[in-house]
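Assemble chains B, C and D onto chain A, guided by the hints.
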Amino acid sequence: MIADNPWVDGLARMGIIAVAIPLAVIVLTYVERKVLGRLQMRLGPMRVGPYGTLQSVADTIKLLTKEDLRPQTADRWTFELAPFVVVMPVFLAFVTLPFTADLFVRNLELGLFFIVAVSGVSIVGFVMAGWGSDNKYALLGGARAAAQLISYEIPLVMAVLAVAMFGQSLNLVELVEGQGRVPFVVWQPLAFLIFLVAGLAELYRQPFDIPVAESEVVGGPLVEYSGIRWSMFQMAEVANMVLISVLASLLFLGGWNWPLGEEVGAGLQVVLIFVKTSMFILVFMWLRGTLPRLRIDQMMAFCWQVLLPFAFLQIIINGWVLVYGWPDWVLGVLSGMAALAAGYLTYRMAWRAAEPVLPRLHRVGSVP
Amino acid sequence: MAQEPSQETTATGPALGPLAGLFQEALSGVQMTAEQTAIDVAITVRREDLLQVMKTAKEDERLAFDFLRCLSGVDHLDELEVVYHLYSYKLGHSAAVKVRCPPDDPHLPTVSHLWQTANWHEREAAELFGFIFDGHPDLRPLLTEEGLGYYILRKTHPLAEIEEWQEDYLKAAEEKGGE
Amino acid sequence: MLGVFRAIKTTVSAALRKPVTVQYPKVRKELPHRARGLPVLLWDFEVVEPFCTGCQVCARYCPVDCMTVAMKENPKAVEGKSKRKKTVDRFYIDYARCMRCGICVEVCNFDAIVMNNTWEGVELSRYDRHDLVMDLDNLLQQSHSGDLKDPFREPMGIAHSGWSPKRRTEEEKAEAGTKEEGGEG
Amino acid sequence: MATEYRVPHEKELETIDVNVNVGPQHPATHGVFRMILTVDGEQVVDLYPVIGYMHRGAEKLSENCDYRQAIGYQDRTEYLGQFNAEFCYVQAVEKLAGIQPPERAEYIRVILTELNRIASHQMFVGAFGTDIGLFGTSFMYSFRDREVIQDLFEAVTGERMMYAYFRPGGVAWDVPEDFRERCREVVAVVRRGIDDIDGLMTENDVIIARCRGLSPVTPEDAINWGLTGPMLRATGLKHDLRRAEPYSIYDRFEFDIPTGTQGDVYDRYLVRVGEMRQSLRIAEQALEQMPEGPIMAEGLKRTLRVPEGEVYVRNETPRGEYGIYLVSKGGDKPYRLKIRSPAFCSLSALKAMSVGTYVADTIINLGSFDIVLGEVDR
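Chains as they are written, first to last, in our numbering: chain A, 196 to 563; chain B, -8 to 170; chain C, 9 to 193; chain D, 13 to 390.
Quick caveat, the hints were computed from the structure, so don't treat them as lab data. Check the hints yourself; a few may be wrong.
Computed Cβ-Cβ distance ranges for the label pairs, DEER-style [to be verified]:
id	chain 1	residue 1	chain 2	residue 2	range
1	C	32	D	31	38 to 44 Å
2	A	455	D	193	57 to 63 Å
3	B	137	C	26	51 to 57 Å
4	D	268	A	279	56 to 62 Å
5	D	344	A	242	50 to 56 Å
6	C	158	A	263	51 to 57 Å
7	D	268	C	158	31 to 37 Å
8	C	10	A	200	56 to 62 Å
9	D	269	C	94	55 to 61 Å
10	D	268	C	136	52 to 58 Å
11	A	252	D	193	45 to 51 Å
12	D	163	B	125	50 to 56 Å
13	D	31	C	10	40 to 46 Å
Each residue gets a CB set at the ideal place from its N, CA and C atoms; glycine is no exception.
Next comes chain A alone, as it looks inside the complex (with noise of 0.2 Å):
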């Protein structure tokens, strides 16, 4: 508790957390600039600041001081409103998101349930981003964006509602509270890969750009956009990461547990989800620097065919364990058997999809 006042508490909570986001962008930038720089052996932003560290402060002055740019045939509210409609909807997931055990806005009984729901709202962004436009990229932008946050966000509240399942919750903190001794990440490791594959494509990074492919589509929906409009899908993007990464490190990793069950005062709470979701958000970036995009039709496939199914067996394989009521070991040894099946799939997948199609030169009938 801040304050008494639960209203006053309420309002000091939100003041962090709406402080706390943008800062967190402003440093992740930073940081992902960086990280990305040395996996390519340059040295990253250098020159603003003492090794570049106000460099994403001067860029913020830049983006909120550019001319906020709209293209003549576009539809005015629906392009001025889309970075609005994407970027709402994280900072209210963030509501409900405890830190730790005590740092949180509101603890809502159907926390997951609201952060699930909520999150889905910002594909509706993006779609008004990529109509309102008035640009073809953008429009294609915008679809490959529909479909794929669309079909991705089926797995990932699949494997979150396999975590609830076996928690027994969809309290966030008492789901945290639950993994006391052993995080879920052991017991449902399929869960937690499917977890992780959907949250980075939610995230729209490498290896699923597919959205906002440079060399493709150019930026896709955000490519009318400038300035602090822009700087919005950008703080959005950030900030989701950081929404995926604080989720995983809460349902998988036991939160602000330490490992073995020990209780933690609330200042090594704080560095232990830290430590945990940085983790995960440097595994982000790496993975942005090392993996190329897949094609559309390939990623909708990974997701119809191999996710989607995958995740409904994490659900059968929690059904039958909680019913019978078998030792949780099983569920471990199941569930990762699943997901060497799963990785497997996913192999074959690639060298199948990678078959010869037959020669196109000679059906085609005029002259270029």
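Relative to the frame of chain A, chains B, C and D by itself:
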């Protein structure tokens, strides 16, 4: 084979490669003159025979030129010339076929149905030299989409305008520097 | 899947190596001796005049016609101080047109023009392209002030095949002295 | 651009094809290439390539220069494999003028040309990775090594891109004294760098999923369309001009010709990576054999005059068969200089190879052509 590089210059007139004989064998009824350039044999044929020659060059087993390397236009002032450089992946020999036409009647038969690659080559030659390749499926300008209206690679098209522009520019700079 | 792990391994190993960035305006790579910046004229410290006699051979051989040269009678030759009967009157090089092929250096009979091999020879941003038309003073400034200490003046191209300019030997002797002086000055 | 309507079938949802203008300013068109895609959803149903944004009339300019001045324009035509283009040009002039360059010059040319081929393929690998969606990592890896090669070139010629170093009859200057040592260093660095690229890209499953089986070409089609170089060898045809019609001193070196099997995008990539290794081998052998001696043919005049005649000289450049058709009518200027540019011919097959694929595929298909717009438009 004819690709053997000859160390002698063309002025001394090296011996003809065996390909010239093959051409005459395969195309007995066609009037042609052969000369040896520094690497390849060059066969000059009449415009009327071009299509027949090219068809034979591609399909005859002794010649079997399955690859059109290059198609270049040359402006000889009194006549325009198109040079087809052919190569055979099967037999590993190469030759050049030349055909000439007067500049005011630059009609030539197309070979783009024999070699697809001739399509763009012919478009380019048509654009830069003003040839008209009869039967070409799509003879729009290629490098300058809207077309120029004049043929820049003909010798009659001068670079003079550019030179004048340069001179003016330098003169202006000189005056500026002089002040 | 193994390929993905191999890719991740590659990036991890690369991240642990030393970055290759050179922070350019602060740290500059050393330019090689042969670096071909834009052409400049050389200053003869012995006679106190440019080497250039304004013979226009560079202007004639320039592929892009970026040079304008005018010749005049050398007043010093009249006084007997210089062996050069003619000297350069005006010399303009349009740096915006120059394509740095080095042919002017190759054809020059008097070793009067060289490609600038200092950083000043390549860092040329101007707000107006007319500012890139260099006159005689600008062209001589690098050599005259001693910034251009060690220009690359190896005989090049056609000079190797037996052809050499008539006055090369004399000039080279004269240069050998001036170059040292120029370096100290 | 006007939107084209297609008459829908009965009982089919009415959809329209959209024209998407890709380029001339687009991150994936490698310069100023433009293509107008007609897309049905994500699938390309028609493609119209537009070239010529970089048409500078290099042929006309070369015809108005003397033989030495035209060297500079060759660099600017083929601006990634500059030495290759220069090599082809000076060979054409030498063939016509009957000049035999000295041994040492030939070896210097071969070493520089092969290193330049590597540099060009490095550029391809980097840009190709970016096209597929690697966030600049492949680009940085390949440019790191390309930089090393370019530093060597700068030490030799004085320029980083537009070398103008080869001359009819030899090379402009002798190489610096520490050339052999520097070359060995460069070769070692580049070899390590190729391993990096190999690890990052070659077995990456995402790249395999994207590239394997994408727009395969049969050898017959490839020949018909005029594809040469790596594009042709990817189809499985073992044809390299350095072997088939050995020019200069290429008959003295041992090297393999990497080939693909189906001619798809992945094979084209593999062939190019293989070629980099082979080029290293050639460069090493040439370094071993390089003799001392003069670097310029004896007895040349200050202004080169070439007797009447014509020649078509073809070289294997990184993109394929680069040809110079040189007509001389005596005098100091080429009468006609036609450049047969490999990327121009490959690009004419782009439509046939891309229709029916996805938008994303078209981009990497174009990337696998490794076009250089300076040479396409000339």
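Here's how the hints hold up against the structure:
Separated by about 42 Å at the C-beta atoms, residue 32 of chain C and residue 31 of chain D satisfy the suggested range of 38 to 44 Å. Under the hint 57 to 63 Å, the C-beta atoms of residue 455 of chain A and residue 193 of chain D, about 59 Å apart, fit the expected range. A hinted range of 51 to 57 Å for the beta carbons of residue 137 of chain B and residue 26 of chain C is consistent with their spacing of about 52 Å. For the pair residue 268 of chain D and residue 279 of chain A, the beta carbons lie near 60 Å from each other, so the given range of 56 to 62 Å is met.
Our hint of 50 to 56 Å for residue 344 of chain D and residue 242 of chain A holds, since their Cβ atoms are close to 51 Å apart. At roughly 54 Å, the beta-carbon separation of residue 158 of chain C and residue 263 of chain A lies within the given 51 to 57 Å, and the hint holds. Under the hint 31 to 37 Å, the C-beta atoms of residue 268 of chain D and residue 158 of chain C, about 44 Å apart, miss the expected range. The supplied range of 56 to 62 Å is met by residue 10 of chain C and residue 200 of chain A, whose beta-carbon atoms lie about 59 Å from each other.
Between residue 269 of chain D and residue 94 of chain C the Cβ separation comes to about 59 Å, which falls inside the hinted range of 55 to 61 Å. Our hint of 52 to 58 Å for residue 268 of chain D and residue 136 of chain C holds, since their Cβ atoms are close to 55 Å apart. Roughly 47 Å separates the CB atoms of residue 252 of chain A and residue 193 of chain D, a value that falls within the hinted 45 to 51 Å. Look at residue 163 of chain D against residue 125 of chain B: about 54 Å separates their beta carbons, and that is inside 50 to 56 Å.
The hinted range of 40 to 46 Å is satisfied by residue 31 of chain D and residue 10 of chain C, whose Cβ atoms lie roughly 42 Å apart.
Hint 7 alone, counting from the list given before, is not met by this structure.
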